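Peer 1: Chains as they are written, first to last, in the working numbering: chain A, 1 to 291; chain B, 1 to 261.
Accuracy of the hints is not assured; some may be wrong.
What the hints assert, rightly or not - Which residues of chain A face chain B? A partial, calculated answer using Cβ under 8 Å:
#: 1; residue: 200
#: 2; residue: 282
#: 3; residue: 286
Unchecked claim - Here are the computed lysine to any residue pairs in the SDA-like style, where the Cα-Cα straight-line distance is at most 25 Å:
#: 4; chain 1: B; residue 1: 110; chain 2: A; residue 2: 214
#: 5; chain 1: B; residue 1: 135; chain 2: A; residue 2: 130
#: 6; chain 1: B; residue 1: 17; chain 2: A; residue 2: 130
#: 7; chain 1: B; residue 1: 190; chain 2: B; residue 2: 119
Simulated from the structure, these hints should not be mistaken for laboratory data.
Just so it is clear, the structure is predicted and the values come from calculations on it, not from any experiment.
Note that the Cβ used here is the ideal one computed from N, Cα and C, for glycine as well.
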Amino acid sequence: MSFPKPEFTASQPVAVDLPDPPPQPFAGLTRRASATAAAVLPPAFTLLIIMTVWQLACGDSYDGLPSPSRIWLESRELIVDPFYDRGGVDKGLFWHIATSLQRVALGFSISAVCGVLLGVLIGANRWAHRGLDPIFQVLRTVPPLAWLPISLAAFHEANPSALFVIFVTSIWPIIINTAVGVRNIPDDYVNVARVLRLSPVEYFFKILLPATTPYIFTGLRIGVGMSWLAIVASEMLLGGVGVGFFIWDQYNASRISDIVVALAWVGLTGFFLDRIVAFAGRIVSRGDALS
Amino acid sequence: MAKAYLSIEAVGVTFQKGASRSEVLRDINLQVDQGEFVSIIGHSGCGKSTLLNVVAGLIPVTTGAVILDREAVEAPGPERAVVFQNHSLLPWLSVQENVRLAVDKVFAGKKSAAERRDWTLHNLDLVKMTAARDKRPSEISGGMKQRVGIARALAMQPKVLLLDEPFGALDALTRAHLQDSVMEIQTALKNTVLMITHDVDEAVLLSDRIVMMTNGPRAGVGQILSVDLARPRDRLAVAGNPTYVGARASVIEFLYARRAA
């Protein structure tokens with residue numbers, strides 16, 4: 001007894017004509033709306049609970065921490081109009097944040113460039129690593145504000161001192177992550193470069209930098225967060241314009257409600273800084289790595 | 001007597017790490033003619049990859065010398081292109097860009113940009129990867145990655161093509177498919193090939209000669225076997241051929257019977 005042998009030809013993909021699904025004009029829209037709701041609703045709900053507990057805990061008392069309703073009453077102008085400017089330091093929060101962000105942008109840019117270069121150096125050169133790494137490991141544990149008196153003594157002015165504090169706070173994670181990235185370049189890539197006889201410059205741009213990009217951006221993300229921490233703290237001591245100074249000024253004027261509003265701004269700004277760097281990392285590494 | 005195209009002469013490699021020395025290769029001699037396909041087979045850890053890396057120039061010799069086309073090998077270079085076991089494609093470049101990187105470097109100043117582009121595509125076409133040229137290595141299968149690795153090596157127009165267990169990480173069907181491709185390309189281009197393998201069938205099917213290495217440490221050439229099978233070879237047709245069966249038997253005998261002794 002024999003069975004007929006089925007014949008398969010695997011060379012041609014089998015195309016099956018499926019009937020078109022009935023048009024659902026709002027399907028995509030509904031799906032997107034439900035995805036957005038899933039992302040937005042839980043934190044909104046949590047926020048609501050926190051506000052309620054806060055309101056109940058603080059009540060209407062006029063000393064200590066103000067309740068949300070009192071913050072709204074006292075700091076309404078600050079909340080609804082961040083853009084007012086009455087000259088001097090009497091400005092809306094947007095202007096204070098913008099000043100702080102400018103300092104961060106400058107200080108962080110300098111530390112990004114120096115950090116990546118130093119990281120490449122200690123990652124690629126064994127002697128540079130032996131000589132510099134122990135020193136960096138000690139320096140990176142110095143708290144940001146501890147640098148402030150020294151930098152004031154060195155620069156005599158508030159603005160360069162603030163920049164230096166940002167620089168010195170955010171450079172360590174950039175150096176360390178870059179160095180780790182350089183040391184983790186797979187031997188295979190190095191061998192490819194050697195077989196192709198890439199020059200040091202070609203190696204740097206075509207192998208080292210792209211292979212290290214995910215590590216560099218991890219360092220930049222940590223660094224930008226730390227520099228935002230540092231700027232707010234150092235502005236509290238330096239004075240002038242800036243969100244850190246604003247917080248200290250309101251404390252001296254006993255306007256605690258304004259401080260709460262400023263804290264919300266500081267938190268949101270830090271969050272967006274982190275997202276921006278993460279987004280830039282995704283663009284640069286073309287979605288290869290990074291979450 | 002005229003020297004062979006590729007000549008490995010009394011090569012010994014000793015790794016020194018601190019106070020401990022380990023002699024991996026001792027007194028290796030091998031002559032390879034132009035256009036010849038030579039396999040090196042041996043047990044894991046016998047130093048066959050070290051030998052290939054020495055020919056590539058990635059590992060320096062301790063004693064002896066490697067001479068290719070009358071020039072001593074002292075450093076890695078594109079005239080000794082390597083196909084690495086784990087493909088070694090750069091993940092941030094597309095398939096085409098990976099090959100193009102090699103083409104741009106090797107033919108800088110010799111070919112125009114358009115010629116380099118055509119040459120890149122031509123080599124991708126040889127390994128049948130033109131359709132996937134804009135894909136990233138992470139988007140293609142292991143066999144396809146290895147094809148691109150081969151295309152990259154071929155595109156350098158090497159004097160000798162070095163294959164380091166190129167099919168080791170692939171499943172049996174993909175491996176057979178790629179072996180056929182390599183045979184086709186070698187028949188067409190007449191490359192000089194040195195291939196490391198631990199697969200007996202692969203060695204017999206692909207090679208003109210098989211170099212069997214003794215076990216390390218201090219590994220050397222145990223025996224060299226010529227495989228006198230006409231090309232092109234067809235894996236189904238040669239399977240029952242007495243020459244094939246005999247060659248296969250003597251390699252297995254070398255690898256297993258002598259090891260037990």
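Peer 1: Work down the list of hints and note, for each, if the structure agrees.
Peer 2: Cross-check of the supplied hints:
no. : hint          : result
1   : 200           : 14 Å, violated
2   : 282           : 13 Å, violated
3   : 286           : 7 Å, holds
4   : B:110 / A:214 : 35 Å, violated
5   : B:135 / A:130 : 41 Å, violated
6   : B:17 / A:130  : 19 Å, holds
7   : B:190 / B:119 : 18 Å, holds
In summary, the numbered hints that this structure violates are 1, 2, 4 and 5.
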